[in-house]
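These are the residues of each chain, in order.
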Amino acid sequence: MDKTWNNKAWFLVLPVLVLVAFSAVIPLMTVVNYSVQDTFGNNVFFWAGTEWFEELLSSSRFWEAMTRNLIFSFIILAIEVPLGIFIALNMPKKGWGVPVCLVLMALPLLIPWNVVGTIWQVFGRNDIGLLGYYVNALGIDYNYVQDPFDAWVTIIVMDVWHWTSLVVLLCYAGLVSIPDAFYQAAKIDGASRWAVFRYIQLPKMNRVLLIAVLLRFMDSFMIYTEPFVVTGGGPGNSTTFLSIDLVKTALGQFDLGPAAAMSLVYFLIILLLSWVFYTVMTNYDAER
Amino acid sequence: MNFDLTWMAWTWPTAAFFATILLLLCGMAVWEYAAPGGNPRVGILRFETTRGDRLFLSLLGSAFIHLAWLGLVGSNLWWALALSVVYAIGVFRYV
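Chains as they are written, first to last, in full-length UniProt numbering: chain F, 1 to 288; chain Z, 1 to 95.
Bound-form chain F, shown alone (with noise of 0.2 angstroms):
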């Protein structure tokens, strides 16, 4: 049968490509042009070629912030994917437990960031803060100020408290979705809890699986509101992370030329990790 083609459908695309336009287009070439100059305001640049990104690739405040992000995406996927997938198996599949596990694991996805991160910088504290206060008269000494490690530690139980709800929401979409034959086969075969988790449940779970991981990744890499709110990327630089560093260059030290090439490289870094998921993504749908 001959293709129709009706080229009028273009125009239905052209309002998202105006907002693109505007909301990531612009915006990102404007980033180039001042990845590439030095300015000190009022609109006038100076050329400087090269030399923000040879300075920003042989910087160690770069990499070393870097090295933070890929250590805090890390260990959040090693915590928040598991973690995940233990609550969602043990969440009710049916009756009124349903509704109200839902209900409860969608509420801290609800709160604005910049709200997660009030909470846990006054639930931290340890002369007001609930945590932080109980924590200290247990006898452990936690101050997530001036200790780099507690400091991690508080960001890291915070975005696990944020996010994991997320994991689990995918993850339960995916189980409730297996149809009853499969276990009802598995229980005839006498098939043991773990063969049916690794043999029906965490096959069925995948692809929700793969988009938890990518969402979370992203997200954690991406990370700015809740660890600024909390620690300011402090104790010293312990908790800088890339984005923090980079808000850090263009607004506070007003440094546009470098914060613009800063900028370049981790657009090109997310971009990187987007298509590789993504065709991760879209092969495992193709062999399905």
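Please keep in mind that the hints were generated in silico from the structure rather than gathered at the bench.
We put the beta carbon where it would ideally sit given N, CA and C, even for glycine.
Hints are not guaranteed to be accurate.
DEER-style ranges, computed between Cβ atoms [stated by the list, open to error]: (1) Leu45/Z x Lys204/F: 24 to 30 angstroms; (2) Tyr224/F x Leu24/Z: 31 to 37 angstroms; (3) Ser59/F x Gly43/Z: 33 to 39 angstroms; (4) Val13/F x Leu45/Z: 24 to 30 angstroms; (5) Glu32/Z x Phe149/F: 53 to 59 angstroms; (6) Leu59/Z x Val16/F: 17 to 23 angstroms; (7) Leu81/Z x Ala21/F: 23 to 29 angstroms.
On the provided structure of chain F, position chain Z as indicated by the hints.
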């Protein structure tokens, strides 16, 4: 209306860069018009790619080649550009 674009801080090199990207996209559109379907095939990456995928990989790889050259060799980027062209030809030929 006053279209003042000084805030975008345009320079000739960056304008040439974006013009090249635009020309590449236009070229891809013409190619698609001449040979529709995107020429999907399975190459050395063992999954299906279209012409658009191969252009994306070429541009992204070229960006990293230039960054690596800047970080490891120096600020003369002509060799990085040459390497990127070779890389892009490789991507369009084998990926």
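Against the structure, the hints:
no. : hint                                   : result
1   : Leu45/Z x Lys204/F: 24 to 30 angstroms : holds (27 angstroms)
2   : Tyr224/F x Leu24/Z: 31 to 37 angstroms : holds (33 angstroms)
3   : Ser59/F x Gly43/Z: 33 to 39 angstroms  : holds (37 angstroms)
4   : Val13/F x Leu45/Z: 24 to 30 angstroms  : holds (29 angstroms)
5   : Glu32/Z x Phe149/F: 53 to 59 angstroms : holds (55 angstroms)
6   : Leu59/Z x Val16/F: 17 to 23 angstroms  : holds (22 angstroms)
7   : Leu81/Z x Ala21/F: 23 to 29 angstroms  : holds (28 angstroms)
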